[in-house]
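The chain contents come next:
There are 2 protein chains.
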Amino acid sequence: MNFPSKLIEDAVNEISRLPGIGKKTALRLALHLLKQPEAVSDNLTEAISKLRKGTSYCHLCHNISDQKICSVCQGARRDRSLICVVEDIPDVLAIENTSQYNGLYHVLGGVISPIQGIGPEELKIESLLHRIDHPHAGDPVSEVILALPSTMEGDTTAFYITRKLKEKGTKVSTIARGIPIGGELEYTDEVTLGRSILTRVNYSAD
Amino acid sequence: MNFPSKLIEDAVNEISRLPGIGKKTALRLALHLLKQPEAVSDNLTEAISKLRKGTSYCHLCHNISDQKICSVCQGARRDRSLICVVEDIPDVLAIENTSQYNGLYHVLGGVISPIQGIGPEELKIESLLHRIDHPHAGDPVSEVILALPSTMEGDTTAFYITRKLKEKGTKVSTIARGIPIGGELEYTDEVTLGRSILTRVNYSAD
Numbered sequence: 001m002n003f004p005s006k007l008i009e010d011a012v013n014e015i016s017r018l019p020g021i022g023k024k025t026a027l028r029l030a031l032h033l034l035k036q037p038e039a040v041s042d043n044l045t046e047a048i049s050k051l052r053k054g055t056s057y058c059h060l061c062h063n064i065s066d067q068k069i070c071s072v073c074q075g076a077r078r079d080r081s082l083i084c085v086v087e088d089i090p091d092v093l094a095i096e097n098t099s100q101y102n103g104l105y106h107v108l109g110g111v112i113s114p115i116q117g118i119g120p121e122e123l124k125i126e127s128l129l130h131r132i133d134h135p136h137a138g139d140p141v142s143e144v145i146l147a148l149p150s151t152m153e154g155d156t157t158a159f160y161i162t163r164k165l166k167e168k169g170t171k172v173s174t175i176a177r178g179i180p181i182g183g184e185l186e187y188t189d190e191v192t193l194g195r196s197i198l199t200r201v202n203y204s205a206d
Numbered sequence: 001m002n003f004p005s006k007l008i009e010d011a012v013n014e015i016s017r018l019p020g021i022g023k024k025t026a027l028r029l030a031l032h033l034l035k036q037p038e039a040v041s042d043n044l045t046e047a048i049s050k051l052r053k054g055t056s057y058c059h060l061c062h063n064i065s066d067q068k069i070c071s072v073c074q075g076a077r078r079d080r081s082l083i084c085v086v087e088d089i090p091d092v093l094a095i096e097n098t099s100q101y102n103g104l105y106h107v108l109g110g111v112i113s114p115i116q117g118i119g120p121e122e123l124k125i126e127s128l129l130h131r132i133d134h135p136h137a138g139d140p141v142s143e144v145i146l147a148l149p150s151t152m153e154g155d156t157t158a159f160y161i162t163r164k165l166k167e168k169g170t171k172v173s174t175i176a177r178g179i180p181i182g183g184e185l186e187y188t189d190e191v192t193l194g195r196s197i198l199t200r201v202n203y204s205a206d
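Line order of the protein sequences matches chains A and B. Quick note: the first sequence, position 1, residue 1 per the numbering used here, numbers continuous. Quick note: the second sequence, position 92, residue 92 per the numbering used here, numbers continuous.
Mixed in with the good hints, there may be bad ones.
Stretch-level coverage of chain A by chain B, calculated; a stretch enters the list once three of its residues show a Cβ under 8 Å from a Cβ in chain B [unchecked claim]:
| id | region |
| --- | --- |
| 1 | 2–14 |
| 2 | 57–67 |
| 3 | 98–105 |
Derived pair list, reagent style DMTMM-like, types lysine to aspartate or glutamate, alpha-carbon separation capped at 25 Å [what the hints assert, rightly or not]:
| id | chain 1 | residue 1 | chain 2 | residue 2 |
| --- | --- | --- | --- | --- |
| 4 | B | K24 | A | E143 |
| 5 | B | K24 | A | E96 |
| 6 | B | K50 | A | D10 |
Hint data in this document are derived by calculation from the structure and do not stem from the laboratory. We put the beta carbon where it would ideally sit given N, CA and C, even for glycine.
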C-alpha cells in the first residue's frame, strides 16, 4: 500500500502489529482516530502507557494486580482451601463472571507445548507447588481444580501437574467436559459426546 | 465484566471505543500488549500521538498530507486536467493502488445524508467548485470523474455535484458499475446485472 503520509504509514504499521488486525483494519482505525477529537486518541495512548508501565502481577497467583497481592488472594470471604489453575488471565475473568467459584486462582501463563518450546519451567508450576507446601495465610490447600483448555497441550499440562500434586497427596479435580447447556446433541462433535457418556453424572437418590 | 485492576479496565474501555472492537477483543489486545516488550506499546502510543498531532490535510484535495499541498497535487507527472471525486481517504489509496489513474483527487469527507444531518455544506463541495474556477497551477480541469459509493447517499451526492458542474459546463463522468472481474453472472445481484446490461459497452469496429 502507498500511504500519502509517513505519519499514517507508521501508525498503520504499529496498529497492525496487534493480533488479528491487518493493514486495512489498521488504516480504518487510524482514520477513525483522526476524525475524533484529540482527547480520544490522547486517552487511548495514555491508558495503554499507564497499563504497560503500571501493571504488576500478584506474587501469589500471578493474576494482574495493582498491588503486590491481588484482590482475590486478599479477599476475606474467599475459600483459601481451593485453588483453580488456569492458563491465562482472561480465564480468571471468565470464571469470576460466573459467580460460581469462591476459591483462589493460579495463573500458569501458558500451557506446556514442546513445539513452541514451552516446558514446565517456563510456566508458574513451581510456584503452584510452593503455594501448596507453604500456604500464604496458613490455611492448607485441600483441592486443586484444573481449568485448562481441552487441547493436547492443555491435557499434557494437566497430566504433569496432576502427577506432581499426587506426590504431595493433594486432591486434584478438573472442570466437567460435556455438552454445553442449550447445546444440541446432534450437532455436538463425537469426542465431546462420547466423553459426556463416559463421564455421565448419576441422578443418585442420596 | 469485573477487572482485576483499574489500569486494565481503563485500557479496555479506551481500546473498545475503536470501531469494530468490543470489550473481549479489547481485553485480548491489552493482554497482548502486556506480554510484549515495553517498546511495542511505546511505539504504538507514539505513532498514534504523532499521527493525531502531526497530520494535516492537503489544502487543494483534502487528502492526508505531511505538507500544505500533498504529493499527488504536487506530482510533476500528474494529469492536472482530471479530478477524481471520492468519499474519503481510503478510496484515494484504493485507486492509487490500481496504478490506472494519473489525475488528481478531491476528497469530499463524506456523502450527503439527510438522515445523519450531512448536507452539501458539510462536505468539500464548495472547495471542488472553487478548484474548477481557479485551477491551482493554471491548468484548466477538463473532466471530473465521480468515484462515489453506489448507495442512495452516494447517488444523491453524485446528482448534486453533477448539477453544479453542468452549470459550469464541466464534463462529468462516473466510474463503471457492473459485474466484478472474475465474478459469476448467476451470483450477481439483479440490480448490478440489470445495470450492466443497460450500460453495456460496444465492441465497436472503429
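Structure-based check of all given hints:
Under a criterion of three residues with beta carbons nearer than 8 Å to beta carbons of chain B, the stated coverage of the region 2–14 of chain A is upheld, 11 such residues being counted. Counting residues of the region 57–67 of chain A whose C-beta lies closer than 8 Å to any C-beta of chain B gives 4; at least three are required, and the coverage claim holds. Counting residues of the region 98–105 of chain A whose beta carbon lies closer than 8 Å to any beta carbon of chain B gives 0, which falls below the threshold of three, so the coverage claim is violated. About 30 Å separates the Cα atoms of K24 (chain B) and E143 (chain A), which puts this hinted pair outside 25 Å; it is violated.
For the suggested pair K24 (chain B) and E96 (chain A), the alpha carbons sit about 15 Å apart, so the restraint of at most 25 Å is met. A C-alpha spacing of about 9 Å is found between K50 (chain B) and D10 (chain A), which places the hinted pair at or below 25 Å, so the restraint holds.
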